[in-house]
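Letter by letter, the chains look like this.
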Amino acid sequence: MKAIKTTGLVLFIIGFGIFIGSFFIESYVVTENLLQNRVGDKAELVKRNSDVVGKTFSNSFSLVRDLDEAFNAVNKVQLDAFGITDKEVNKIAVQNEGSFEISSLDQVFDDSETGTYKKKTFRDYGGWLDGREFGSKEEMQQQIANVANNIKLYQIVNEKGFDKYKVKDLKYSLTKASSTGLVSGSPGLFLFLTYIVCIVGALLYILPKIKDAPPGIKNNGLFHKAMTSVGWLGILTGTFLILFYIILYFYPEYMTSWIITVDPVSQFLKGSDAGRFFLYGFIYTLCILVMGVRMIIKYRHSKYQMVRTMSVMFFQTAFAFLIPEILLKLNQPYFDFKNIWPLDYDFFFDNELNTLMANGGLGIFMLGWGIALIILGVPVFVYFFGKRWYCSWVCGCGGLAETLGDPYRQLSDKSVKAWKIERWMIHAVLAFAVVMTGGVLYTYWTGSSQILGVSSYDVRSVYGAWIGAGFAGVVGTGFYPIMGNRVWCRFGCPLAAYLGLVQRFKSRFRITTNGGQCISCGNCSTYCEMGIDVRWYAQRGQNIVRSSCVGCGVCSSVCPRGVLNLEVKDEEGRFGKPILLGNDGVKLQS
Amino acid sequence: MSHVVIIGNGISGVTAARHIRKNSDYEITIISAETDHFWSRTALMYIYMGHMKFEHTKPYEDWFWKKNKINLVNDYVEKINTQEKSLELIKKGEFSYDQLILATGAKPNKFGWPGQDLKGVSGMVSYQDLRYIEKYTKGIERGVIVGGGLIGVELAEMLRSKDIDVTFLVREKKFWNNVLPHQDACIISNHIKEHHVDLRLGSELKEILPDENGRVKAVVTSEGDEIPCQFVGLTAGVQPNIDLAKASGIETGRGILVNEYLETSVKDVYSVGDCAERREPLPNRRPIEQVWYTGRMMGETVAQTITENKTAYRPGNWFNSAKFFDIEYQTYGWVWNQLKDNEKEFYWEHESGKKCMHFIFDRETKLFLGVNTFGIRLRHECFDKWLTEKRDIFHVLENLRKANFDPEFFNRHEQQIAEAFNKQYPDNTIKLKGKKSLLEAIFG
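Chains as they are written, first to last, in the numbering used here: chain A, 1 to 590; chain B, 1 to 444.
Please keep in mind that the hints were generated in silico from the structure rather than gathered at the bench. Computed from a predicted structure; not experimentally measured.
Computed list of chain B residues with no C-beta within reach of chain A, every gap over 12 Å:
1. Ala33
2. Leu72
3. Asn81
4. Gln183
5. Leu244
6. Lys246
7. Glu280
8. Phe346
9. Glu349
Computed footprint of chain A on chain B; a stretch qualifies when at least three of its residues, placed anywhere within it, have a C-beta under 8 Å from a C-beta of chain A:
10. 37-46
11. 50-64
12. 283-297
13. 372-386
In this text, a Cβ means the ideal position worked out from N, Cα and C, and glycines have one as well.
Based on the provided sequences and hints, a complete structural model is requested.
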């Protein structure tokens, strides 16, 4: 048994090592053809202003750095050529006394290609200056300079050079396409050496646990192990996860060899190459499946835990991963049927709405389905089952937390202080999501992006970066080994906040305590991933009705005295008075 | 304003303090030399096994005490001057009280075995015991546990969690057979063996042998077997800590003697919990009850009396629970290890050999007297009600579905239990009430 486990661990480490190694081993050559293909007629400019073409780069960092420099150099050259210089600004100002005449431009710019361009752009950006009176010469000169500057920022970089979005895009696509070496040479081999080896290794490590001991709660040594008690291994794992998310969301150009590795899978599923979010979905699903097997084995004495774990494994694999990819293959919109706004914060974004509406019956059905989940699905199901129907049975974030995150559930903070912070934070995120979405819809219907002087586009991009990527991804998962597996669900998820409000005020769900049987041991509180101090209620014989409870049922599983049970029944008596059975002499609330 | 001083910060003392605070604004001081804050002794094993850290075992956060104006003093009481109503503390010196509660708890029994004070021999009651056991079991090969009770099996689980071999010396014919009926004790004995414990039934400790450094190196059993080991756990029950009371002129027997109001022989001195001994035990009950729940209830009761609502200690229907490795146990009412003359039993065991229910009822009146349940959780509220209402065995079995407290999706056995009963007592067949669960309906 031990030998099999050790073999598994070694295999996993080898596979993981190759995965990490593959990040670094590719080299990169941007050929003229490739450049032409990706940037079209600006290719010549890039070639002229940098030596990036044809050069061999030994790693993606130096390639990306050189690409950045190349695009910057092009931009600089173009700005010099087409931008209105300070001297020209002066000249324009000199031409005008008191009021500004647009015709004065003819005195400054000639009819050459650049002169004509400068004139045209100035008319476009500064036409409103025509006939305007200025109190002083300095004032007019300032306005002209502003116009010249706006042209540089918004027109020339965009039209003649590469703006920041284009640069981001090109860095990624050029890096991926220019990748040469072992990984891009044989992605299938690397798929095997990383994922298959890791999966086999992990399973060899996990499966023999069935024989370790009879079924039952075995949290032995969790607070002695470096991985699960915020020791060096936990911190290392957390650091890796945080870096992974930062690269995934903000610097995908560095992880192209990882994406190339899963190209064969993507080709198989939808007939096109993988993108970064395909890679993410693929790894995510594998983590839930493999660690789901671990979860099932660990809690095999509890059918509730087994069924629940199979449920999250199913919803992730089918609903979050396979169906959306198959939809793409069928030329239908990418759609995750179990994702619900406001967790699915871009559901009401104009591009999403347009895609759905442009796709006929199925698209409209998807739109209706999504809205029905928000206004009917959430309250109805929460009323009958509690918010667990979503958070610990269906949700992808919950699925990862309950499988990959299970070894870290004991790290959540149980203090009253943490509870206070939690309530402020999660409801603030919900409010933010509602306001952001309101703004987006306002813009969608009115066409106006400015609301109270703020651009709805800015608000949504701030939400996307800070909440969608930063909080849910980097913090939410990266901090598993440090703050427990439900950081996002507890402090950030706006959908959890919404589900929680319903659960708190209108639901049949509660955790009941069994008479006077609690011995205050603290297993329930320790293993509550949401940081609920379950014992506080149990030891005073009170039902646990908390908005944050995701109904994972682990408090009930770890209770050594059979005190806690997740129940759905009549709402009456749900907020029962705390009563401890046992003492006939003293009938009192404890 | 009255100053209540409580010696001992276990469940009894702390419950008393909390309820005195609820009912009054008396000054309250808890003195303990064990730990600064109240912690749950029942979780001692989980700290050792790495399921929890010590911090997790504190039922109240550290700010709780200040907020509720309960003074905590880490000190050791050397003497009580009941005349002057003052204490002598080792660090703080003299300390006065108006009312005193002795909640000093209990300590492991030692029956004068040769070698019982060697290095590497320990009971398992206190925080200090925990640290001692951690120190002396580090990297060892085998531990021997003496005494087959609840603490013994916990200690066995602790050592097994670190892959330490365990020899478990149990005096009775089956594990905890002095409390559990034979069938129940068999189930647990088998389960203990399943966890690779060398369970030696009907075997007693004769002697503990030292090595050259005064550390335990082996034990000798009553059969004369010498078992090499590096640690010995003494878990043959506990005895009340009465030395302080005795030295201070408070009447003691095996424990600190109290009346039904938990008053000792000295005015304004009370005693609760593991250290207290009832002068006149309640029917069916022992004079000294060393259970978490009774300790808590005594704390609740004495708080009433101290806050001028004189209340007798009247625990309700007996209940208790425990966990033996993976098998949970609950009991409601009275189930003795031997049937009494007026008693009849109905025993059902699941084919897995890991679940069973043992019902006791009156031979004549069929009155339900008690139940032991293993591997199936039962609802305290239901059984408490049935016992109070003096229901018969038929009523209990017919309504068994209502009393199930297992999580959703768990296999349900009420149907089997009812069928087994009808087979055993064909003259009195019962019909199960309540609806089948959905799963039961589908899978039978």
